[in-house]
Amino acid sequence: DGGITQSPKYLFRKEGQNVTLSCEQNLNHDAMYWYRQDPGQGLRLIYYSQIVNDFQKGDIAEGYSVSREKKESFPLTVTSAQKNPTAFYLCATARGAEHYGYTFGSGTRLTVV
Amino acid sequence: QKEVEQNSGPLSVPEGAIASLNCTYSDRGSQSFFWYRQYSGKSPELIMFIYSNGDKEDGRFTAQLNKASQYVSLLIRDSQPSDSATYLCAPRTASPSGGSYIPTFGRGTSLIVHP
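These protein sequence lines map, in sequence, to chains A and S. Start counting the first sequence at 581; every next residue gets the next number (our numbering). Start counting the second sequence at 5; every next residue gets the next number (our numbering).
There's no promise every hint is true.
Stated by the list, open to error - Now the in silico label distances, taken between C-beta atoms and shown as ranges: (1) S:Lys71 with A:Lys589: 38 to 44 Å; (2) S:Ser86 with A:Pro619: 19 to 25 Å; (3) S:Lys71 with A:Gln621: 23 to 29 Å; (4) S:Pro14 with A:Ala641: 29 to 35 Å; (5) S:Lys46 with A:Asn606: 16 to 22 Å; (6) A:Arg624 with S:Pro14: 19 to 25 Å; (7) A:Gly643 with S:Phe53: 30 to 36 Å; (8) S:Arg81 with A:Lys594: 45 to 51 Å.
Stated by the list, open to error - So the derived list for chain A, only partly shown, Cβ under 8 Å to chain S, looks like this: (9) Gly622; (10) Gln630; (11) Phe684; (12) Gly685.
No lab work stands behind these hints, which were simulated from the structure alone. From the three backbone atoms N, C-alpha and C, an ideal C-beta is built for every residue, glycine too.
Chain A with its partners taken away, still in its complex shape:
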């Protein structure tokens, strides 16, 4: 089955620690995206990538980093510079730059302890 796999489902981070969230897709979609969702809030764009080895900052990129070395993979690192990282993180893909709708992964819930 084609789809998006996000791991882990739950992640706990200590203060000052970097953590990496995984996103893998086998849909052969060109574009991949990372969103953050806080309770009662909409989705806010962190980073996106239209092609391999290229990515763009979204609205809230500070404190995050990404890489796109393979078409199938778009990992997100939450660095210690992100002061309030507790949130629900969603990875999404779209077929191309024209964008006719996302396919979302099941999400990673990150909590700072």
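Guided by the hints, dock chain S onto chain A, whose structure is given.
Showing chain S alone in chain A's frame:
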């Protein structure tokens, strides 16, 4: 800043009624729109995509678009308890770097359908 406004709700309707969810947007350049449904604790799923003025129907769902008024709505007929979820409106807007389109999400409207 591109704004997308939705009433956060909750909107409570009885089973079998029509639920009406509304969305306004500020970017006149937005030409097409998505509606996503998100169950509590889950990821969003695409339920409608509309790009022409007027109505688009898909089963019990009807999306209505009025570009002149910068208004898009979603009607759910014969509402069922399983429709209870948050509905996110997302205009498709041009990315700052150009050459691609990225949705801008509203905060969503919580719908509760009670038996």
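Status of each hint after checking the structure:
no. : hint                              : verdict
1   : S:Lys71 with A:Lys589: 38 to 44 Å : holds (40 Å)
2   : S:Ser86 with A:Pro619: 19 to 25 Å : holds (23 Å)
3   : S:Lys71 with A:Gln621: 23 to 29 Å : holds (26 Å)
4   : S:Pro14 with A:Ala641: 29 to 35 Å : holds (32 Å)
5   : S:Lys46 with A:Asn606: 16 to 22 Å : holds (21 Å)
6   : A:Arg624 with S:Pro14: 19 to 25 Å : holds (22 Å)
7   : A:Gly643 with S:Phe53: 30 to 36 Å : holds (32 Å)
8   : S:Arg81 with A:Lys594: 45 to 51 Å : holds (50 Å)
9   : Gly622                            : holds (4 Å)
10  : Gln630                            : holds (6 Å)
11  : Phe684                            : holds (4 Å)
12  : Gly685                            : holds (6 Å)
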